[in-house]
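Position chains S and D against the provided structure of chain R, taking the given hints into account.
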Amino acid sequence: MLTLQAIVERLNAQGFSAQLLGNADAEIRRVASLTGAGEGDITFLAHARFKKDLGSTHAAAVIVTAKDADAVPTNAVVVENPHVAYAHVASWLYSENDFVPGIHPAATVDPTSTVHAQAWIDANCTIEAGVVIAAGCYIGPGCVIGKNTTLGENTRLVANVTLCHDTKIGCRNLLHPGVVIGADGFGLANNKGEWLKVPQVGRVILGNDIEVGANSTIDRGAIGDTVVEDGVKLDNLIQIGHNVHIGAHTAIAACTAVAGSAIIGRHCAIGGCVGIVGHLEIADNVTITGMSHVSQAISKPGVYSSGTPLEENATWHRNFIRLKQLDDMARRLKKLERRLAASEHLDETKK
Amino acid sequence: MLTLQAIVERLNAQGFSAQLLGNADAEIRRVASLTGAGEGDITFLAHARFKKDLGSTHAAAVIVTAKDADAVPTNAVVVENPHVAYAHVASWLYSENDFVPGIHPAATVDPTSTVHAQAWIDANCTIEAGVVIAAGCYIGPGCVIGKNTTLGENTRLVANVTLCHDTKIGCRNLLHPGVVIGADGFGLANNKGEWLKVPQVGRVILGNDIEVGANSTIDRGAIGDTVVEDGVKLDNLIQIGHNVHIGAHTAIAACTAVAGSAIIGRHCAIGGCVGIVGHLEIADNVTITGMSHVSQAISKPGVYSSGTPLEENATWHRNFIRLKQLDDMARRLKKLERRLAASEHLDETKK
Amino acid sequence: MLTLQAIVERLNAQGFSAQLLGNADAEIRRVASLTGAGEGDITFLAHARFKKDLGSTHAAAVIVTAKDADAVPTNAVVVENPHVAYAHVASWLYSENDFVPGIHPAATVDPTSTVHAQAWIDANCTIEAGVVIAAGCYIGPGCVIGKNTTLGENTRLVANVTLCHDTKIGCRNLLHPGVVIGADGFGLANNKGEWLKVPQVGRVILGNDIEVGANSTIDRGAIGDTVVEDGVKLDNLIQIGHNVHIGAHTAIAACTAVAGSAIIGRHCAIGGCVGIVGHLEIADNVTITGMSHVSQAISKPGVYSSGTPLEENATWHRNFIRLKQLDDMARRLKKLERRLAASEHLDETKK
Chain R
86 MLTLQAIVER LNAQGFSAQL LGNADAEIRR VASLTGAGEG DITFLAHARF
136 KKDLGSTHAA AVIVTAKDAD AVPTNAVVVE NPHVAYAHVA SWLYSENDFV
186 PGIHPAATVD PTSTVHAQAW IDANCTIEAG VVIAAGCYIG PGCVIGKNTT
236 LGENTRLVAN VTLCHDTKIG CRNLLHPGVV IGADGFGLAN NKGEWLKVPQ
286 VGRVILGNDI EVGANSTIDR GAIGDTVVED GVKLDNLIQI GHNVHIGAHT
336 AIAACTAVAG SAIIGRHCAI GGCVGIVGHL EIADNVTITG MSHVSQAISK
386 PGVYSSGTPL EENATWHRNF IRLKQLDDMA RRLKKLERRL AASEHLDETK
436 K
Chain S
86 MLTLQAIVER LNAQGFSAQL LGNADAEIRR VASLTGAGEG DITFLAHARF
136 KKDLGSTHAA AVIVTAKDAD AVPTNAVVVE NPHVAYAHVA SWLYSENDFV
186 PGIHPAATVD PTSTVHAQAW IDANCTIEAG VVIAAGCYIG PGCVIGKNTT
236 LGENTRLVAN VTLCHDTKIG CRNLLHPGVV IGADGFGLAN NKGEWLKVPQ
286 VGRVILGNDI EVGANSTIDR GAIGDTVVED GVKLDNLIQI GHNVHIGAHT
336 AIAACTAVAG SAIIGRHCAI GGCVGIVGHL EIADNVTITG MSHVSQAISK
386 PGVYSSGTPL EENATWHRNF IRLKQLDDMA RRLKKLERRL AASEHLDETK
436 K
Chain D
86 MLTLQAIVER LNAQGFSAQL LGNADAEIRR VASLTGAGEG DITFLAHARF
136 KKDLGSTHAA AVIVTAKDAD AVPTNAVVVE NPHVAYAHVA SWLYSENDFV
186 PGIHPAATVD PTSTVHAQAW IDANCTIEAG VVIAAGCYIG PGCVIGKNTT
236 LGENTRLVAN VTLCHDTKIG CRNLLHPGVV IGADGFGLAN NKGEWLKVPQ
286 VGRVILGNDI EVGANSTIDR GAIGDTVVED GVKLDNLIQI GHNVHIGAHT
336 AIAACTAVAG SAIIGRHCAI GGCVGIVGHL EIADNVTITG MSHVSQAISK
386 PGVYSSGTPL EENATWHRNF IRLKQLDDMA RRLKKLERRL AASEHLDETK
436 K
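Protein chains in written order, with the numbering used here: chain R, 86 to 436; chain S, 86 to 436; chain D, 86 to 436.
Only chain R is shown next, with the shape it has when bound in the complex:
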């Protein structure tokens, strides 16, 4: 529980210039949506489409911008960016780091590894030789950490995460269940029609404040390293190929695949189900919409897209067939323009 007064003070300690309108002693216990909120709940208005629900909310308090403050029927916390303020408040109300440090008796920890006394290794984990786990780390049940891998402070592996050997993970990372980091990249040499495995001897290096979603995979480098910079956020079921480099504060939505040796800039926003070809470079501040296919480098910031519209199947099928005739149509169009110009010229000369 936090009083509204305490919330506003904490926000201001974070530099928010938050303003409290209403009862400073109101007790806040949970977060909720505008429509679902009741006594003890704080909520927020981040998008105009939800404004219709503001007047009837039963929340104890609403975080809003100054322009919406008058419409709040209860206590208000006024800030410039309600979504960011909400994220802070929720993190205070729902702290996850409620573990007691130590090593669970059902964990298997190699004696040559170094586990900080303020870290927690849960049941059925396997920690291999030479691993280093810093203070504040939480290694959830069923995780496997391969030889010589290192974890920075306050990193959290939720459960059933696999980190392969020689991986370097920074501080305050959050790796969700089923994540695999450091598996071999897809390196093959074609030997007279048969594929020969090319040993993958590079590593994966993750910076600080990174989140990796459930069942996502980040492959180790073929020779050099695969690198993910600070603050990168990856959703679920994402594939990051060997020797990819992802710039700081880039976010990637679910089911996107990045092929080997692609270089992605900083502050990019990449949608879900996107395919990014290998050995190309994407500039900083690039946005790519969902299901796009990135097959060439992108050198300028901006929003990029590919893909086709959803249609009723019968209509789609008619248009779909025409796609195979598109080059032919373009040539016929060009020819028509020439013929019509000739015909018009003829008319002209006949005048």
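Just so you know, same-sequence chains aren't split out, so a pair can sit in one copy or run between any two.
Capping the alpha-carbon separation at 20 Å, the derived lysine to aspartate or glutamate pairs in EDC-like fashion look like this:
{"hint": "1", "residue 1": "Lys152", "residue 2": "Glu165"}
{"hint": "2", "residue 1": "Lys136", "residue 2": "Asp155"}
{"hint": "3", "residue 1": "Lys419", "residue 2": "Glu429"}
{"hint": "4", "residue 1": "Lys277", "residue 2": "Asp315"}
{"hint": "5", "residue 1": "Lys420", "residue 2": "Asp432"}
Derived by calculation from the structure, the hints in this document are not laboratory data.
Relative to chain R, chains S and D alone:
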């Protein structure tokens, strides 16, 4: 082993009006395909394309519709829907619930959890505090069940499944290996170019009779819950974002991604590799073909598609380039129509 | 450590006709990239785009073709296919099979299973009844092997791999973390609008020398088996549906999905994020580029593609809208051609 007589009786107990043609004492031990079947095998004819194999089958019995009964060279079970009847028969011949209840000594079960005496917790599982597991549940090796999660009767987690805290799973669910339910949704607030995690405090609620394929992921809600209704069937490597709602008896094929807060109706059939954008609604009884991109709401039942045809690479490349000129082509076409009309009008007036 | 002399001798034992230019006693300890290499490192030049870095490399030796040998500023190993030679050399320098055989005390192994004395079962593994594990196998931490599954010699499961019951795995396979083999296929019968599960009673059969990437899934057959032939290489997060058959020495990149009963030929190369519809056949030696949608059989070798170009969002949107008008545009184009021909004919007759 079941006699054909017993099979027909059980089908009729399920309301099938099944009719037996041939030897009621024939012993059925296995299922098989029309071409692979031999002594003791039962098979079925569900699709006209397999009818060519009916005459030469060595099966002990074939499940068919009345119109194909005459063509069966062996014992026949005549029903209206052979595929559905086959599914029942196969489930009787291959019962999976052959476990002895109890807790494996190599499982780790928190003393505050409640495991029914008729449930089975296999080796290397981790069951956290406050979990409730009902009668008939099978928790396969390596599963992790987070705090306060509850499982209804006869739910089966095959192996290495992760259920995060406070998840609610109904009865008779089947969760395949690597499934992750209740990991954090992809909730981020942009704070001056850096992504701040928005705590995900909702839950995942699964109804009854749901199947989730290997390595699929269903994220917990940001504030409210992610909900999957009764009878939903999800294939492998599917991503269900936070606060998605999937209506009863909808089936989704592999590698499809559903972004946050999408609402999918009942009785939908969604193909593989489909991408569904967040915050939109899809009506009941909608079919979406594979690899489609759903970027707008669908308000009417029907079949919907997007995507382009596969072509030989050289042809594809020629048409591909024209796609960038499509708007230009459309404008030039319009202009040509106008010019030709003018020219025809001129001809007309000259007559 | 290997001397350059030893490396060349080993290559020639593999049939390479390798030629050594320079110091045969040079000691090689690691592999590195052309630009990252230093003392003790061997590297290779496989692609013309890296030739610019050859002259300034600090490597102890470079593997090159005869035509690039003169440009090497250090020791050279001259072969026909440097990438393949490099793969061999790297595998000698970085041998992974450094385990001591035995069963970890924290593994759970059913007494009815057969584990060869020269195999290794690591911590927190679960080996069920009737499993057979041959010599040289490495079963990494957290793996689950279901009833009656068999593994050929020198197969390696890295960690947290799940093999379901009755799966047959050949020799020298490499299965990365999170792989699931033998989960149920997506078999459903529609019973008056509700989906009834069809028991999946077939198996998965993997040949020899197969690699399966992290978190990929291969489903068991519905009735017959799902088959993957020798030398197939699968990247991460790939879905292989029930009863699929993949021919020998085919490679498939990440996030591709193959639907049930598809038959893929030998020596195919399939890009990432491809969707292959079920019940179709793809010939040998077919290449499919990334993100293609294969909805029809491919009967001839060649390169095939589908998909649309990436564009700036505004341009894309203009072209995107026209896609819905494409059939209409094609009809109008045809009509214009007819009208113009008529008009030209008129001009002709008037001359």
